[in-house]
Amino acid sequence: MMESKTVTGAAELGQMKTFTFNLQVYSEDTDTFGIVHHANYIKFMERARLAWLWNLGLRIDHLFSEGIFFVIKKIEIKYLSAARLYDELEIISTVISMRRVSKVYLQIIRSKVDPSTEYCRATIEVVCVNNKLRPQAMPPELLENRQ
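In the working numbering, the protein residues as written are 678 to 824.
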């Protein structure tokens with residue numbers, strides 16, 4: 678899987694921030710019919726969230742060394758259409774709610790070439806935990822400006 682080298686920075690969407698991440702589908706992402714395996718959409722969304730952190734100047738390995746970890750509490754995903762080998766995808770990530778220890782993202786994977794073609798959409802609740810897997814407050818950088 679090769680991600681694009683360019684990502685669109687966070688943009689205002691009402692009071693929430695949105696981040697766009699692009700990637701292309703390769704053979705390792707597909708089944709024998711050239712269709713993206715359903716689990717890979719979740720991997721793509723994870724990459725988009727990590728790219729967003731990177732774009733904010735936060736490295737996940739540095740957060741880990743500070744005892745800051747993120748776990749998925751809940752995923753609700755709806756598959757709408759099949760992405761195929763060599764498709765160019767755009768992952769739109771928006772924080773739709775935030776609490777002291779958790780965030781809920783709406784993530785949409787769609788065609789970069791034809792944005793009206795959505796492949797899937799999901800709401801993903803992410804919780805910040807310490808190294809004992811106990812909930813802890815999000816880092817201040819992630820609470821500021823609802824990023």
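Simulated from the structure, these hints should not be mistaken for laboratory data. Think of the CB as a built atom: it goes at the ideal place given N, C-alpha and C, for glycine as much as any other residue. Misleading hints may appear alongside valid ones.
Distance condition first, Cα-Cα at most 30 Å in a straight line; then the derived DSBU-like pairs of lysine-lysine [unchecked claim]: (1) K750 / K789; (2) K755 / K694; (3) K751 / K809; (4) K720 / K694; (5) K720 / K755; (6) K809 / K720; (7) K809 / K750; (8) K720 / K789; (9) K755 / K789; (10) K694 / K789.
Between beta-carbon pairs, the in silico distance windows are [as the list claims (entries may be wrong)]: (11) E743 / S774: 39 to 45 Å; (12) P817 / H714: 36 to 42 Å; (13) P817 / E723: 34 to 40 Å; (14) P812 / S742: 17 to 23 Å; (15) R736 / V778: 19 to 25 Å; (16) P817 / Y763: 16 to 22 Å; (17) K789 / P816: 28 to 34 Å; (18) D738 / E795: 31 to 37 Å; (19) I712 / S774: 18 to 24 Å; (20) K720 / M775: 35 to 41 Å; (21) D791 / R811: 41 to 47 Å; (22) G744 / P792: 27 to 33 Å.
Outcome for the supplied range 18 to 24 Å, where the beta carbon pair is I712 and S774: Once the Cβ atoms are compared, 32 Å apart, the range 18 to 24 Å for S774 and I712 is violated.
Distance restraint between K755 and K789, which requires alpha-carbon spacing of 30 Å or less: At roughly 19 Å apart (the allowed maximum being 30 Å), K789 and K755 satisfy the hint.
Distance restraint hint 19 to 25 Å, applied to the beta-carbon atoms of R736 and V778: 21 Å, holds
Pair hint outcome, K694 versus K789 [Cα-Cα no greater than 30 Å]: It holds: about 20 Å lies between the C-alpha atoms, which stays within 30 Å.
Agreement of K720 and K755 with the hint, judged by alpha carbon distance not exceeding 30 Å: Holds, at about 15 Å.
27 to 33 Å as the expected CB spacing between P792 and G744, which holds or is violated: At 39 Å between Cβs, range violated.
Hint check for R811 and D791 - Cβ pair distance inside 41 to 47 Å: With Cβ atoms ~44 Å apart, the hint holds.
Restraint status (C-alpha distance of K755 to K694 at most 30 Å): 22 Å, holds
M775 and K720 - C-beta distance against the hinted 35 to 41 Å: 24 Å, violated
Hint check for E795 and D738 - Cβ pair distance inside 31 to 37 Å: Hint holds: Cβ distance 32 Å, inside 31 to 37 Å.
Pairwise hint evaluation, K720 against K809, where the allowed Cα distance is 30 Å at most: Holds, at roughly 24 Å.
Range hint compliance [Cβ, E743 to S774, 39 to 45 Å]: 25 Å, violated
In this structure, the earlier hints numbered 11, 13, 16, 19, 20 and 22 are contradicted, and the remaining ones agree with it.
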